[in-house]
Amino acid sequence: MNRTVRYKSSVEPVYTDGRDIDTEVATLTGEAADQEASGAADKHLKHEMQVWQQLPMPQPGDPTYYNVPMLNEPVWEWAIPTYYYVGGLTGAALVLSAAAQTGNSRGREELIRRCHWIGLIGASVSGGLLIYDLGMPSRFFNMLRVFRPTSVMNMGAWILAGTGAMAFLALTLRGRKNWRGKTGEIAGYLAGIFGAGLATYTGVLTANTAVPVWQASRKILPVLFGTSAMSSVGALFELTVENSEERRLTKIFGTAGQIAEFAASIAMEKQTSVVPRVGRPLRRGLSGFLWRTAMVLTAGGLVLGLIPKPTKRRRLAAGIAGTLGSALMRASVEHLGTASARDARASFQQQRAGYGAAELANRSNQ
Amino acid sequence: MAATKGFFTDTTLCIGCKACEVACKQWNQLPDDGFLFSGMSYDNTVHLGGSTWRHVAFIERPVPLNTQDGGAFSWLFSSDVCKHCARAGCLESCPTGAIIRTEYGSVYVQPDVCNGCGYCIVSCPFGVINRREEDGRAWKCTLCYDRLRDDLTPACAKACPTESIQFGDLDQLRERASERVEQLHRRGMPEAYLYGASAEDQPGTEGLNAFFLLVDKPEVYNLPPDPVAPGKKVKDAWVAAGAAAAGMALAAIGAVLFGGERA
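Chain order of the listed sequences is H and S.
For the first sequence, position 360 (counting from the first letter as 1) is numbered 360 according to my numbering, and the numbering increases by one without interruption.
With the second sequence counted from 1, adding 366 to any position gets you my numbering.
Possibly wrong hints are sitting among the right ones.
[Claimed, not checked] Counterexamples of contact, computed for chain S against chain H with all Cβ distances above 12 Å:
id	residue
1	A368
2	T378
3	Q392
4	P397
5	S459
6	P477
7	Y559
8	I619
9	G625
[Claimed, not checked] Chain S stretches covered by chain H per the calculated footprint, using a threshold of three residues with CB under 8 Å from any CB of chain H:
id	region
10	415–422
11	460–469
12	521–534
13	562–575
Rather than coming from a laboratory, the hints here were simulated on the basis of the structure.
Just so it is clear, CB atoms sit at the ideal spot from N, CA and C, and this is done for glycine as well.
Build the full structure now, drawing on both the sequences and the hints.
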């Protein structure tokens, strides 16, 4: 059992497991007996406390409990937004390769093969990132011991597993003879279907929460994530692939993605500003800065890519701007959620404005 | 299956002694949360969390209450707890099935199954459940599942000296609670009302198994005015995802049709 020290600077520091139970006379068998106190609890309040200078006057129309957040904030750190980016890239690349399987354009075999590699590596990296972020990484497979449609995360685990498996089959079997080749061909199409799920379900995952800004944007987040996934494929190919025959396809796909991503960002700003307090993290603070920067980078990448007679340098600049814009967009969505969860008024005003459960009742009355 | 059990927390009876917090910590052998001075009235617990399963809120209001003789000032105390929602956001979102509905109708996290993904935390409309950094799992009130199995009252209700926290069969609690509201109205406390006592009261959660009697807006107690289990709205997001996936497929096919020179 880990122990922590209390009253460190006093004459008599105390070493404790946070319970002060004398195990010579008592046993640790309670429900939470295996919770360990290593001192991290001392930092469990992430927001700043303000000592009163005067009795806080609750505003009758706008009360909160000493501005303490009502919700607990997301515990997800850098690995989850990174996963959103990598998973999106993986999924969108597999959608494109499945479409390419139907055509007969020049350079398509190289493109398909490259996409299947992206699929396999991307799915593996995604899995790694997800496992890394778990509180108990050794229990990752508990997600695959059940099939629970009510849990978007459970569905996501299955989608990711399916994507990885299909990308692997497509990569190893496609182009071989007889039934093997056919299996590979089918696996390629299935990888495209799973990939479309992988690139968009993360939007559903984020939207299906009590965090006000995420819940308010639930009709647009999956679109934002899916379109951003398309632009990230385009940007990655601009950056890393020399073969212009391959890039002709990814350029169209990526440019369409960037235009749609930009439109979706604007739609998200609109949807979240229905209740102004809910949309506040898009305009203020670190989250607002990240959000704006992501939009500027996406727009910049789009414009650079559309200027006629591309030079290599301009192409690389467009690729970098597009990649950063897409990755930063996921990071900003994560920060939006944290900022929103910290703001009790966002939840209160959203629900008072009729966007809590009342929204559902109004809909069924119509 | 046993009858559905729950708590009725009558905040007008709460004296802010925190015996419930202590009893909960002791029975469940929860470690401390660190010792900090919050500066917020007598509340240094601040919020429910991974190792805080009962939390007493202390509200100092410049608002008169005619059962208190503080003049233009009144105190409100309220012992907050997991609501064990009839439709629980955490339970629905749990990807491992670690969170289950027990035979008492309570919502229970199996610590030996939870893998600490953190999805329940953002799915709870009340900010109850949280993950502990040290052991990486999500924790919350169990409605003293171990005590219920032995026909004992949960520790907090047992320790409450004023019966502000009442434990029992949900049907009986609801009856008792509406009688109490009528009684308070008769005695000159027209502000009293029940929070989350039934599905009609709170459609978003379809009623709380641990419900409250309050005398001010829910926000004053840091409770949401119209909470909703996120799963009730998830269909919108899935429809959007379907549309986005179809759009992606169309864009990809379009790119192949118009982008490639025929070989």
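Next on the checklist: Checking each numbered hint in turn, tell me which of them this model violates, lowest number first.
Outcome noted: 3, 4, 5, 6, 8, 9 and 12
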